[in-house]
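With chain A fixed as given, assemble chains B and C onto it according to the hints.
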Amino acid sequence: MDVFFQQLINGLSLGGIYALIALGYTMVYGIIELINFAHGDVYTLGTFFSLGILTLLGVDSVVHGPALVGVLAITILGAMILCGLTGVIIERLAYRRLRNAPKLAPLITAIGMSFILENLMLYWRGPSPVPFPQVIPNPQFALGAVTVQAKQIIVVLLAVVLMIVLQTFVYNTRLGKAMRATAQDKDAAQLMGIDINTTIALTFLIGSALAGAAGFVSGMYYGSTWFFNGFAAGLKAFTAAVLGGIGNLAGAMLGGFLIGLIEAMTTQFISDQWSNVVVFSVLVLVLIFRPSGLLGESLPNKV
Amino acid sequence: MRLSSFSRVVLAAVLAAAVAGCSSSGTSSGAASSGASSGTIKIGIDLPLSGADASIGIPTQNGALLAIEQANKSGFAGGAFKLEASVLDDAVQGKHDPAAGAQNVQTFISDPAVLAMVGPFNSNVAKSEIPLTNDAGLAQISPSNTNDGLTIGDAAKKLRTAHPDVNTYFRVCTRDSKQGSALAQIAYQRLGFKKVFVIDDNETYGKGLADVFDASFRGLGGTVLGHEHITSNQVDFKSLLTKVKSLNPDAVFFGGNTSTGGGLIRRQMGDVGMAQTPFLGGDGISDAEFEKQAGDAANGAYMTVASPDVTKIPAAKSFISAYQARFKSSVGPYSANAYTAAKIEIAAIEKALKDNGGKMPTRADVLKNIASTANFDSPIGKIGFDANGDTTSPVLTLLHVVNGKTQVVDVIQLKS
Amino acid sequence: MRFIAPLTARLPPALRTQRAGTALAFSAALMLPFIGRNGAFTNFLADAGAFVLLALGLNIVVGFAGLLDLGYAAFFAIGSYSYAMLASPQFGIHLPFWVLLFVASAIAALFGILLGAPTLRLRGDYLAIVTLGFGEIVPQTFLNLSQWTGGPNGIGSLDQPVFFGYRFGFNPLPYYLMVLGLIALAAWLANNLRTSRLGRAWMAIREDELAAAHMGINTTSTKLAAFAMGASFSGLAGCALASKLQLVSPDQFMFNVSVFVLAMLVLGGMGNIPGVIVGSLILSALERFILPQTTNFMHGIGLNIDLTNSRFLIYGLILVMMMLFRPEGLIPSRQRKAELHAGQGDRRAAAAEGELLTETIR
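Quick note, the sequences are listed as chains A, B and C, same order. Quick note: the first sequence uses this note's numbering, first residue 1, plus one each step. Quick note: the second sequence uses this note's numbering, first residue 1001, plus one each step. Quick note: the third sequence uses this note's numbering, first residue 2001, plus one each step.
It is possible that some hints are incorrect.
[Said to hold, decoys possible] Some but not every residue of chain B turned toward chain A, in silico, with C-beta under 10 Å:
{"no.": "1", "residue": "Ala-1054"}
{"no.": "2", "residue": "Ser-1055"}
{"no.": "3", "residue": "Lys-1095"}
{"no.": "4", "residue": "Tyr-1188"}
{"no.": "5", "residue": "Gln-1189"}
{"no.": "6", "residue": "Gly-1219"}
{"no.": "7", "residue": "Thr-1223"}
{"no.": "8", "residue": "Gly-1226"}
{"no.": "9", "residue": "His-1229"}
{"no.": "10", "residue": "Thr-1231"}
{"no.": "11", "residue": "Lys-1238"}
{"no.": "12", "residue": "Thr-1258"}
[Stated by the list, open to error] Cross-link-like lysine to any residue pairs, in silico, SDA-like; alpha carbons within 25 Å at most:
{"no.": "13", "chain 1": "B", "residue 1": "Lys-1195", "chain 2": "A", "residue 2": "Thr-147"}
{"no.": "14", "chain 1": "A", "residue 1": "Lys-103", "chain 2": "C", "residue 2": "Leu-2291"}
{"no.": "15", "chain 1": "A", "residue 1": "Lys-103", "chain 2": "C", "residue 2": "Ile-2113"}
Simulated from the structure, these hints should not be mistaken for lab results. As the structure is a prediction and not an experimental result, all values here were calculated from the model. All C-beta atoms, glycine included, are put in the ideal place defined by N, C-alpha and C.
Here chain A stands alone, though its shape is the one from the complex (with noise of 0.2 Å):
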């Protein structure tokens, strides 16, 4: 029973980076009906960025004392910033021009910045999982048997705040009701004298910067990161952006972390090599049997 306890917290802390990712996607599919392919692909950025901030900084293990916040501040700052341009001027070059084109284009054309983002990082930083500094000392904490780390808790806290935060900003402020407006009637939105195109840049730079953080809470967890890191992973969190129900963010949290927990249940009861099938299954069947997700509302089809 007690590995049971011990996925679980396994399971919350895989989920809280797939959260993250998430709610990128999620924001995205909302205001543009688009899959951002190349969304999990920022998320490994996130990660070299803040790779590329350490070693400016001078870290390679861990910080202790007051510097530790100053290093954690200026590192997931710096790598939600540079994450979120990349997203704006992937928006910009390669989704804005395809905004009115089929769906099938900008689709297609997403695939490609995927692809043409993993590349740039294996040419960057090399074929092999690179290792990133441990950063945070990490104690752990007994409860019973089940032991915590300190990372752990941070993933999962990381994601829940950066979720309230985003919830407040989206329903709270005037440039949260723009991006509501223009997810439920881009033209309408338009007429009301909303810009469009930076509601939709806001909204990826937004996502993207989400992104960042997961990069940089994965590397720290982890110890390494790796060119090809996003593609699976994100995978998984559309997955759990579909669960959790689409354009919803609560649902995007719920999702993710559901799907974490699943991938460790999967692997504790069942074994390593199936759990990506159950993942992927879970995606297939929630598509076909609940594509509104756990949270979301059936969406008419609208004419």
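Quick look at chains B and C alone, frame taken from chain A:
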């Protein structure tokens, strides 16, 4: 007659293809035809030279190149023929790829100047190459393939259907059934592990080695607590390792390479609190990259290399210094193997030339000479091949990572 | 050319030149193996031909019906493994190759229907993701069920085709001719489908699914037919390539392959059969010849760049650039061009339509 735009384009494409075809056949120009008394003779080299395997593939390639350069310098074939290396990479997007290996071999086969080849490095690549070299009668010596099914058993027969009575595949390293059973003995008897958990990367080499280890360990009286396969490109092993930890093993055995997850698994073992649990693996994790990726958790890992440790063999000293002088870096774990493989082929070619009166020999001649290699002096000991193409003197070197450094624990001579 | 005239005398001029052009291309293709002076070129042609078949199949799904299938390699895998399990020592079954062509394509088509039936009512982008998921599930399942599929080692020693007593052996030439025959068959089938009622229904769905449904087209069964037809082509390709390599293994069927085939379509011209063939040949040539030779050239002039590993970067660039600047592909079908530029302002759409008109008049 006016062609529609469609036909124009297709015609253009066909012409372009024809041009490509002509230019590709250019690789065979300048080659000596059989029976000529001068020209170029080539040794093909097919190894993973880019991506994750490059850190071990490139030093291996350098070993072979050194042998070829030395041969030319010391008057190969009295200067009548020039010996060249034809080097091709079988890695695709950072990983060794069987289909790329097969393509490379087909390129070697269609070049009449290539009389023998060194490679491949990985067992799954060899599986796609052996049927081709068997059909073409092109001799190949691998410096590092260890999977059993390449030389013995039903699987090996199935790879040689074109000429079942001819063997074109040889290797200078110890095969997995020997490496795996030796590892099991090391684990059970020498290191005293009674219960282990086995993980493999679900690839030809890794799974093959792990399966042999699993069966041998059980045969000795040990308990295998579980045997799981990871997926390719997997990065999160915490759930798997949590499961392993809950079963309380004395050690964890990994069948696979650093490039397929070995280093990451060891690192995450540290994360889940298993840094004190020993880690055991084969030659797949014997590269420097393993320590880098496993980080602090690398300590406590044992691995074997399917060939002798050259730094301990006196005859190897001249090889090592020549290598370091030429390539300005230290030898890789398989450089000596590749050097030996190339030297064997060079000797076979020279003998065939002599027997042929100084005229360009055939691949069959060279193959015959390679197959009859016995007591060949090399940096890795005296090498001979048995009827299956395996080495007649299998050796295993046991390494242990202590304080971030790999130390040689022992060199074990196995029975042929 | 005088002997062609009576054969085609009764055809309208445009079709006459198209038929002649096709005959010309086919005869040229037959002569190709004899131009390259070594077997490596024929070998390449045979491999490339299998991918042309794949591209033709995906073209039906993506090009004709407008359904984005990102897991096409899964059907390729199913076709290949069907051949492998029924023509090898694995289970001791040795059905003849020509029978297995039908069997493999039927099995693949069956899986196309199995996947399509529950998912085809999904919106385009969701369908893409589902097919992507399927494309991940299938090779991993083949890898995991090692008792039946040989696991990572795959299944080897597959039978070689036998044609009226002549065994194909290791020479690539008979494989090339076989693949060429399959391509001719597939292209002919695809072309007939395109101009048939079903084909026009596909076009209607592609342009505006809702309107098509209101016009009385059963969109679900029409889309299902596209999936099944496309999958059957990949079954053919899988069978052909497996018989040539005499080996199947799971890493032949990863996501890269699906994207590779998609890039062929995007480059050549989605929905246009000759375009798709050309796109396929260009990318195969890029991988096998152009990139390695350019790399050799670069090394020769001292630049230490390796392009052979950049090919995925190049496919990505192709996808993005083509979609942004020329989504109809190098050799467009005029209809597609008009469709794809519809959203980009009146100027382009008008230009496309203008082209359509002038082409018809000429």
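Hint by hint, here is what the structure shows:
Taken as an interface hint, Ala-1054/B checks out: its beta carbon lies about 8 Å from the nearest beta carbon of chain A, inside 10 Å. Checking Ser-1055/B against chain A: minimum C-beta separation of about 8 Å stays under 10 Å; hint holds. Hint status for Lys-1095/B: holds, given a least beta-carbon distance of 7 Å to chain A, under 10 Å. At its closest, the beta carbon of Tyr-1188/B sits 25 Å from a beta carbon of chain A; the interface hint therefore is violated under the 10 Å criterion.
At its closest, the beta carbon of Gln-1189/B sits 29 Å from a beta carbon of chain A; the interface hint therefore is violated under the 10 Å criterion. Because the closest C-beta pair between Gly-1219/B and chain A is about 24 Å apart, greater than 10 Å, the hint is violated. Violation of the interface hint for Thr-1223/B is found here, the shortest Cβ-Cβ separation to chain A being roughly 19 Å, above the 10 Å cut-off. Against a cut-off of 10 Å between C-beta atoms, the interface hint on Gly-1226/B holds, since the closest Cβ of chain A lies about 9 Å away.
Annotation: interface hint on His-1229/B holds; nearest CB of chain A at approximately 4 Å, less than 10 Å. With a least beta-carbon distance of about 6 Å to chain A, the hint placing Thr-1231/B at the interface is held under the 10 Å criterion. Hint status for Lys-1238/B: holds, given a least beta-carbon distance of 5 Å to chain A, under 10 Å. Residue-level restraint check for Thr-1258/B holds (minimum Cβ-Cβ distance to chain A is 8 Å; threshold 10 Å).
For a cut-off of 25 Å, the pair hint linking Lys-1195/B to Thr-147/A stands: about 24 Å separates their Cα positions. Restraint check for Lys-103/A and Leu-2291/C: the C-alpha separation of about 32 Å exceeds 25 Å, so the hint is violated. A hinted pair counts as satisfied when its Cα atoms are at most 25 Å apart, and Lys-103/A with Ile-2113/C qualifies at roughly 23 Å.
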